[in-house]
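Chains as they are written, first to last, in the numbering used here: chain D, 96 to 404; chain H, 1152 to 1467.
Since the hints were made in silico from the structure, they are not lab data. Only a predicted model underlies this, so the values are computations on that prediction, with no experimental measurement involved. Treat the hints loosely; a few may be bogus.
As the list claims (entries may be wrong) - The calculated EDC-like cross-link candidates involving lysine to aspartate or glutamate, where the alpha carbons are at most 16 Å apart (straight line), are: (1) H/K1408 - H/D1430; (2) H/K1292 - H/E1254; (3) H/K1370 - H/D1179; (4) H/K1441 - H/E1379; (5) D/K113 - H/E1248; (6) D/K187 - H/D1311; (7) H/K1290 - D/E110; (8) H/K1235 - H/D1311; (9) D/K187 - H/E1248; (10) H/K1292 - D/E110; (11) H/K1292 - H/E1248; (12) H/K1261 - D/E241; (13) H/K1261 - D/E402; (14) D/K113 - H/D1311.
Stated by the list, open to error - Beta-carbon label-pair distances, calculated as ranges: (15) H/D1170 - D/E110: 29 to 35 Å; (16) D/G122 - H/T1215: 47 to 53 Å; (17) H/G1188 - D/V396: 27 to 33 Å; (18) H/S1216 - D/E98: 32 to 38 Å; (19) D/L398 - H/K1341: 39 to 45 Å; (20) H/E1232 - D/A392: 25 to 31 Å; (21) H/E1232 - D/Q334: 57 to 63 Å; (22) H/V1165 - D/E98: 33 to 39 Å; (23) H/P1266 - D/T224: 52 to 58 Å; (24) D/F290 - H/R1272: 54 to 60 Å; (25) H/S1293 - D/A130: 34 to 40 Å.
All C-beta atoms in this analysis are idealised placements derived from N, C-alpha and C, irrespective of residue type, glycine included.
Read off the chains here:
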Amino acid sequence: MMEKALIVARKEIAENFKSVRYWAIIGLFVLLYVASTYAIGFAVRGFGGLPVGGRARTVLQLSIQVVNALTYIAPLLGIALGFGAIAAEREKGTIRLVLARPIYRDDLINGKLIAAVTLIVLAISLSTTLAVPLAVALQNVNVTVEDFARLALLVLPATLLALAYYAIALFVSVNAGRSSHALVVSLAVWIFFTFILPVIVAFVAFQILGPPPAIPFNATRPLGQVPRQLQEYYSRYNQVVSTIQLVSPTARFSSLASALFALRSQSGVYEELSTALARRWIDAAVLATYIAVFLIASYIVFLRRQETR
Amino acid sequence: MGMVEYVIETENLVKVFRDRSGEVRALDGVSVKVPKGVLFGLFGPNGSGKTTLISILVGLQLPTSGSARVLGFDCVRESIEIRKRVGLLPENYGFYEYMAARENLEYMGKLDGMPAQELKRRIPEVLELVGLREWANAKVKSFSRGMVQRLALAQALLKDPELLILDEPTLGLDPQGTATFKKLVEQLVKLGKTVVISTHLLHEIGHVCTHAALLRRGKVVAQGSLEELARAYREARGYSYELTVAEGAGELLRELKGIDGVTYVGLENDVIKVRASRDIGGELSALAAKHRMRSLVPLAPSWDELYQFYQGGGWE
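Take these sequences, add in the hints, and give me the full structure.
If you want it as structure tokens, here you go:
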């Protein structure tokens, strides 16, 4: 039953392996990662070159860099695989040759999906496998097996994020007549969630809460201690922000990925994975909902659509 | 006389496209019958509904109403069975340009359900047929328009289909390519295949067809064999013959002018052209024996002439 879908998937995978675009995204990830490793060098070491925060802080810094890099790379990977999936076939006319054969329309879209999942998992695994040991070596710190395991587990939320953007791009692609239109719309969605929504969210939060309370100067307050009123203000601010950001796949990924590196307070020991993830189930659910909704919508539109030209 | 077997039968087929600007009736009650084993032409100007009809036949589009059967299968419910047996060269198609010609055909063949061994044998065969064998490993992006068109023909032939449907097959072909194409389709018909050619370029490939349906504004204005369609034409426009004589045409010319219904007799070199308002084939055969004619040919109207006759004008 899946035979035709697998034929499509194999062809898609082979085609991507030969494409510069796919390898460029993997290369970009590794490059971004290695570059940021130099930056965190200053954060985790003093000027004398000695570690200032211990192993846990180093790994935490590393994870923040990986998560940041994935926040940009994973959606772009999903979009790169999704925007042309159907629109480019329609534009080039290959869809007419393919659908003139004994193949169901869902075989074509299933094949594209199988290929996308394979290529996404492969790209993220490969780049993480290349980049993490390289970064660890550059930092020259002790990293335990558990640290590595947690870094490796990042592949899962990153795959969810990439698939969420793939599903969005696929939906745009089945509706678009031209792949360039599909690319522009998909990138606009990514730009909105990554750059515009955080600005809007901050604006809305300030509109709701008003400006932060003015704290009079107190010479007896210990240095670094945040006044209680200000703590309460920022707690409410974060609540508003996280509520609105619930709709953002990018923010949900950051939240879920950070949970993998949550530490027990002050101890420098990781929280139990199950406990940390149980608190962030909503993040995984939002990402899964994006994938499901846009994939189902893509199926419905594509199965109902006729190839007129 | 045995029952005629039809490979394509459509009944009152209607296709309406709706968009913001309104409705377009691309097909308006099309009923077409294509007999098995013939070279069938689907003739009409751009926008007459040819491509829409073909798209419905292979399940790329659904009809608004009416029914269509191809090789006995229903076009809506059993389109997969149709696509297993039909080779299609669509009008607006493309190949994966970064893949070689052979890789493109391999992919199409696998989707057709062809076993690997058969593909290995068949791909060089079809590439040879279309004159692209030495380009098998070249990427399609390096191909000229004509080469791409030949590759498109190769993919349609790949599964050795019972029925070939070719939409504007000579677009982009040079005269030599067109001549090779004509020979190829005639050869396929001799092998028992049915070939449907949709074109608006009647002068290029129309004359190879033995049967046709003439479309105009989504309607079939006439259909049948060349002979059937020519009958009405001759009754309206007259019958034409060409006679070749060995010697002494003078007496023959006088006798020809004396036949009832003859409207024109002319001699050019050794060829006598005769036009009559009725069928004078019998009388001419008798004269042929008497005057030792080299040949006597009743002239059939061209598809161009037939199209103009049935349309009441030319392309619009």
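Going down the list of hints, with the structure as the test:
no.	hint	result
1	H/K1408 - H/D1430	holds, 15 Å
2	H/K1292 - H/E1254	holds, 13 Å
3	H/K1370 - H/D1179	holds, 5 Å
4	H/K1441 - H/E1379	violated, 31 Å
5	D/K113 - H/E1248	holds, 12 Å
6	D/K187 - H/D1311	violated, 25 Å
7	H/K1290 - D/E110	holds, 13 Å
8	H/K1235 - H/D1311	holds, 10 Å
9	D/K187 - H/E1248	holds, 9 Å
10	H/K1292 - D/E110	holds, 14 Å
11	H/K1292 - H/E1248	holds, 5 Å
12	H/K1261 - D/E241	violated, 45 Å
13	H/K1261 - D/E402	violated, 22 Å
14	D/K113 - H/D1311	violated, 31 Å
15	H/D1170 - D/E110: 29 to 35 Å	holds, 33 Å
16	D/G122 - H/T1215: 47 to 53 Å	holds, 51 Å
17	H/G1188 - D/V396: 27 to 33 Å	violated, 41 Å
18	H/S1216 - D/E98: 32 to 38 Å	holds, 34 Å
19	D/L398 - H/K1341: 39 to 45 Å	holds, 41 Å
20	H/E1232 - D/A392: 25 to 31 Å	holds, 30 Å
21	H/E1232 - D/Q334: 57 to 63 Å	holds, 60 Å
22	H/V1165 - D/E98: 33 to 39 Å	holds, 36 Å
23	H/P1266 - D/T224: 52 to 58 Å	violated, 38 Å
24	D/F290 - H/R1272: 54 to 60 Å	holds, 56 Å
25	H/S1293 - D/A130: 34 to 40 Å	holds, 38 Å
Going through the hint list in order, the structure does not satisfy hints 4, 6, 12, 13, 14, 17, 23.
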